[in-house]
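Once you've looked at the hints, dock chain B against the given chain A.
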Amino acid sequence: MTQGQLKIDDETTPEATILRITGEVDLATVDTLVAAVEGAVPKQGNLILDLTGVEFMDSAGVAAVNRCRRLATAAETRMSLRCRAGGPVAQLMGWTGLDSLIEIELVDGPAPA
Amino acid sequence: MIALIGGGLVVLVLFTFFVLRLSENAVRREARGRVGTTAALSARLVREQSLRVGEVVGSYASRLSNLPAPRRATLPPADRRRLAAALFALRSEVDGVTSASFTDSRGRLVAASPPPVLPIGTDLSGRDWYRGLRERSPYLSRAYISQGRRRKVTVTAVRVQDPDGRPLGILLATETERTQRFTDAFGSQFGTGITVTDQAGTIVGATGSDAQRLISLAGDPLVKRALAGRSGTLDGSVGGERTVSGYAPVAGTGWAVLARVPASEAYRDVPRLRATVLAASGLAAFVFLWLVPLLVGRLSRARDALGVQEAFQRDLLPSKMPPGVHSIYRASERRMLLGGDFIDALPTPDGGLAILVGDVCGHGPRAAALGATLRAGWRTLASAGVGVTRLDLLDALVDGERRDLDLFATLACAEISPDGRTLTYALAGHPPPLLLLPDDVVALDAPRGAALGLGAVGPRPIGTQDLPDGWALALYTDGLIEARATPESERLGVPGLMAWGRGPDGRPDAAHLLATVRRLADREPSHLDDDLAFVIVDATVIGDPDVRAAVAPRSMGRA
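The listed protein sequences derive, respectively, from chains A and B. Those letters in the first sequence? Residues 1 to 113, by full-length UniProt numbering. Those letters in the second sequence? Residues 1 to 559, by full-length UniProt numbering.
Pulled out of the complex, with its shape left as it was, chain A reads as follows (with noise of 0.2 Å):
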């Protein structure tokens, strides 16, 4: 699935969906986000977003994150978010607080090329 310039990958495992997520999470490609978050919270099981392929989110992304938190809450699905230290999306969660509210696990790795 491919937006713009966002790419996501869909991965089922037995115990997690994982939403693979790479390039710029902004206004133009947030859409398409949100509508793998919504075809994605149904399932069985914990949801993963992996935005360590994130290059790059503005405040429009972390509203998506925001909504996609909420879509997730109201299916009462456990979502967590996967991103790299020091990486953009980790510093705008820390931003604006959250990572207070979503539980994310921080992995160190090489910036995406």
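Derived by calculation from the structure, the hints in this document are not laboratory data. Among these hints, one or two may not hold up.
Said to hold, decoys possible - Sample of chain A residues at the chain B side, in silico, Cβ under 8 Å:
1. 26
2. 53
3. 56
4. 58
5. 59
6. 62
7. 70
8. 101
Every residue gets a Cβ at the ideal spot worked out from N, C-alpha and C, and that includes glycine.
Then chain B, alone, in the frame of chain A:
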């Protein structure tokens, strides 16, 4: 709008008129061309018919060429038998030839088959063919009424010469009805009236008219033209009915052909064409009448909406900035939408200064309206002296005022104490303000609180900082750190902005920072992905107004 509709309809009517005229003319031209072609084609058929008869008669004439020149009306029996046999054979050979005759070279009747009505020896040299044969042979005669059966006939006359070229006599083939049959057949097949006239303009045959008398059309202008060797078409009327006529000469005979079609028949495509064009125009007019008010309505609604947006935009900024507070606001052209960045600055009740920069996440009127609401709400808090300490009150404002549950807002606010020595600040989900110290540029990224609208999280933690001489404080929205200095360069980021806070000599420089951000914001086109809001104050903003007035222009004035 009425002028627009009126003008449009006038244009449409003119357009329809010209289309009708052009297409009608084209159809008429084509129809006239058809009639003209019919006339020319008929003339050619008449000519070929006469030529064929002439050829056959000519071949019989050559068979007779070894006759002794008939000096008398009576011939030797052997010659008479040969002549009678040839005349009989000619009559039976060519369809439409009802009688065949032979005269001597002076035009006196010698023999005929069937036996002649006129006595042998009758002088026929007064007939037009006798003179006409001087011009050409075979010669097609004028129409006349036959002596015996009183039928309208024409004669094909051929000179007969002996092998030495001496004139022997004239062979005549009398035809009736052939031309009449042709005009009838042609008329019934193509719906066209065909008239064939002889060289004097007398009707030889005409569609639907079997009159056995001589009718002259010599006065008809079209016949005159055709007899003069010209061909063409003309609109006219016959007996009150409008007609389209074509005329053409029958080459090599001196005859003429007229083709005539009722105008209603020739131009039968015109009414259909007219109906089609008028229907299309009517449809266009309907669509136009329906669309224009719709579009004009849309436009005026869009204009109203723009007005509303501008009003909101104004509400996102204070009507008046306190002296010494420098701010920059630039909406992103890329989104073509009202943004939700907001700015404010005002004196606190104790004589200090409160400043604010915020950003409603999202765009459009809802975001802008929430931004304006938050600015007004915070202004109330600040004017009561709790602008930094009671941001939790704004959570309720966001919860209560937003129409869209996904809307949330971030803001950074700060208060400068009346003596200009203490800075207190609070962050709600916002990027860190920059503090310029005499020898350092720092990002105030702690303590931090959650954004507004993520749920009731209580008061945000408050940061406190002692201010040395020569400090400056810059607040901004994420549109600034997401910007690129040039379209090709990396996004600025907080480190990039901190670097902008140092002048060419590497020392913290508020004027340099302000000028650099202003250059970015003033760039055309902006290349900004998001709206940009920026506020900066320095030590001169607090204290003696006179000192402030003297110092401010030098430190951060626009010049």
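So, going through the hints one by one against the coordinates:
1. 26: 7 Å, holds
2. 53: Nearest chain B Cβ about 17 Å off; hint violated.
3. 56: 7 Å, holds
4. 58: 6 Å, holds
5. 59: 4 Å, holds
6. 62: OK, holds: residue 62(A) within 8 Å of chain B, min 6 Å.
7. 70: 7 Å, holds
8. 101: 6 Å, holds
Violated hints amount to a single one, hint 2; each of the other numbered hints is respected by the structure.
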